[in-house]
Structures are given as C-alpha cells and as structure tokens.
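Peer 1: Sequence:
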Amino acid sequence: MAPRASWTGFLRLSLVTIPVRLYNAISSTSKVSLNQLHKNCHLRLRQQMVCPAHGKVEKEEIVKGYEFEKDRYIVIDDADLEKIRLETTKTVELIQFVDAKELDAIYLNTPYYVAPDGPVAEEGFRIVREAMRQANKVAIGRVVISAKEQVVALQVKEKGLVLNTLHYVEEIRNSAAYFEDIKNGNVDKNQLALAEQLVNSYTGPFDPTKFTDRYQTALLEIIKAKIEGSEPVVTQRAEVGKVINLMDALKQSLAQNVAKKKPPAGSVKTVAQKQKKLKKA
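Residue numbers (this note's numbering): 3 to 283.
Some hints could be false.
Simulated crosslink set (DSS-like; lysine-lysine; CA at most 27 Å straight-line) [stated by the list, open to error]:
id: 1; residue 1: 191; residue 2: 253
id: 2; residue 1: 103; residue 2: 139
id: 3; residue 1: 92; residue 2: 161
id: 4; residue 1: 212; residue 2: 103
id: 5; residue 1: 58; residue 2: 41
id: 6; residue 1: 263; residue 2: 212
id: 7; residue 1: 92; residue 2: 139
id: 8; residue 1: 226; residue 2: 41
id: 9; residue 1: 161; residue 2: 228
id: 10; residue 1: 85; residue 2: 61
id: 11; residue 1: 185; residue 2: 253
Cβ-Cβ distance ranges computed for the label pairs, FRET-style [to be verified]:
id: 12; residue 1: 263; residue 2: 194; range: 38 to 44 Å
id: 13; residue 1: 8; residue 2: 258; range: 45 to 51 Å
id: 14; residue 1: 78; residue 2: 204; range: 34 to 40 Å
id: 15; residue 1: 44; residue 2: 73; range: 37 to 43 Å
id: 16; residue 1: 169; residue 2: 42; range: 27 to 33 Å
id: 17; residue 1: 37; residue 2: 60; range: 20 to 26 Å
Honestly, the hints are just simulated from the structure, not real lab data.
Glycine included, each C-beta is placed from N, C-alpha and C at the ideal position.
Please take these sequences and the hints and turn them into a complete structure.
Peer 2: Right, here's the structure in full:
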C-alpha cells in the first residue's frame, strides 16, 4: 500500500507544471515519548493556562500578543492575521537553480520526498529530474503552506526528488561571534602531517546504518525491564582519557587505528603471506 501524501500540488518551472505529492521524510514514531504524571497517584497531568492576576483562564479568553517593551503587549487578533494571510496556491514555484555545493547545510530545515502525482505526471517529472541530475543543480523555490510562505530547495535523490524547507537568512545566527576568539596561529608541519594521516586512516564510505540512537535504545531497555519487573542493565559511561601531549596523542591514535585494521595472526591473508615466503625460501 502506497504511503499517504502529506501534501499534493504542483511543481512549476516557468510554463512547465507537474502534479506532485510530498511525503514526510522524517518519522518520529520510533522516538520514545514520556508523559508527566502526578508523583503520588501516577495519573497523567493536564496543563492549564493561568493568569498571574486572575488564576485559571479558559480557552476562549486567550488572545495572541506581541511584547514590544518589557511587560507591555499589543494584541494581535484573527482579523489582523487575516489581512496578511497568503493565498495557498498549492504550487511549488521554482525560481532559480544553483550549484549543489553552494547550498550551505545550515539552511536546511524539514525534508520531504517528492514524487509525481500519478502516471500522467511521470514524463515531465523524469525530464526535470534528469536535467537537474546531469547539470548537478539544486532548484530554489517557494511555496505557501498553511498560509505561510516557505523557501525550499529541491534536490535529486534516486528516482525522485527531495524538497527541504529552508531557514530564512535572518533566522541563522552569524558565526563570527562564536569564532572571533579563535586565534590564527602557525600550524606545526609534523603535527599536521600526522593529523592528515589520522583523518585518512578513519576515512570510509558513509553508512548511516552504523549509527543508532543509543539514548533511545537504553531508554527502551529500562522501560522493558521495568514492565517485566526486573532490574535494568545500564551501560556505564566511558571515562575520558587523560590529556596528553598533542604530538603523542596523534601518534598513539594513528598507531591504534592501524592496529585495529591489521588482520589477526591466524587470518587467511597472513597465512597465505607466510606460505608465499616459505616457497621463496
């Protein structure tokens, strides 16, 4: 059974319009969710809205406001929001294309899979997808969803496309304030050479299946153990090693990683090498 689309609409590039479906690329169903309970009776707590002057407030008494000065607000009602409400056109309007390397990952927000909406849309979808693939380009566009305009990036992925909503530039904090105290000093050539060797020794293809949420796994183990009435087994935190000289640390790290990759003494490769030497002798 095909997954349910979270949004259906059109992908438009100039006069080319392609019906498409968007699917949530991120699933939160595997995340463990904890509830707040009353400590004494374990009943789930319900949140209440409370006014510091008048106590409990009912839902119909709540309005939105903006704090323009300390503890001073102006009320923004539905009529005000209706004036600036954007029309939902159900169209992802592609504005330009950029080189894939130009899109800084810090702007990426929420990803969606994009597929053609039915067999009729497949031809146009394939043409645009392959044109983007061969040019190695990312499409930048915009779409209005729930009365809010989103800037989006569209990238090729396998037989389909991935649409990422993007953060606006004013949402991104300037990195200068965080990096300004980092001094530009000389780099020791020998240390740099060892560091490069260390980086290369750890280099390999990215396999996301190797990385799991260890906190979620441990939390599930605790939950299962408590349900079964047994004592949960929790892995002890690894101790941080002592700080040592940088050059020594680089050498030891490199030697340690090389040793990990070295085949054991009884491996097929090692035995074969010994046999080869014996024949030569």
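Peer 1: Confirm or reject each hint.
Peer 2: Cross-check of the supplied hints:
Distance hint between residue 191 and residue 253 is fulfilled; the C-alpha atoms sit about 14 Å from each other, no more than 27 Å. The suggested pairing of residue 103 with residue 139 holds, with an alpha-carbon distance near 9 Å, which does not exceed 27 Å. Distance restraint check for residue 92 and residue 161: the Cα-Cα separation of roughly 23 Å lies within the 27 Å cut-off, and the hinted pair is therefore satisfied. Between the alpha carbons of residue 212 and residue 103 the distance comes to roughly 26 Å, so the proposed pair stays at or under 27 Å and holds.
As the CA atoms of residue 58 and residue 41 are separated by approximately 22 Å, the hinted pair is consistent with the 27 Å bound. Pair hint residue 263 plus residue 212 holds up; C-alpha atoms about 17 Å apart against a cutoff of 27 Å. For the suggested pair residue 92 and residue 139, the alpha carbons sit about 24 Å apart, so the restraint of at most 27 Å is met. With a CA separation close to 20 Å, the supplied pair residue 226 and residue 41 stays within the 27 Å bound.
Only pairs whose Cα atoms come within 27 Å are accepted, and residue 161 paired with residue 228 is rejected, the gap being roughly 45 Å. With a C-alpha separation of about 24 Å, the suggested pairing of residue 85 with residue 61 holds against the 27 Å cut-off. Among the hinted pairs, residue 185 with residue 253 is consistent with the structure: their alpha-carbon atoms are about 25 Å apart, no more than 27 Å. Range check, residue 263 to residue 194: about 22 Å between beta-carbon atoms, so the 38 to 44 Å window is missed.
At about 47 Å, the beta-carbon gap between residue 8 and residue 258 stays in the expected band of 45 to 51 Å. Separation of residue 78 from residue 204 is about 52 Å and departs from the stated range, judged on CB atoms against 34 to 40 Å. In this structure, residue 44 and residue 73 meet the distance hint of 37 to 43 Å, their C-beta atoms being roughly 38 Å apart. Checking the proposed 27 to 33 Å range against residue 169 and residue 42 shows it is violated: the Cβ atoms sit about 44 Å from each other.
Between residue 37 and residue 60 the Cβ separation comes to about 24 Å, which falls inside the hinted range of 20 to 26 Å.
Of the numbered hints listed earlier, those contradicted by the structure are 9, 12, 14 and 16.
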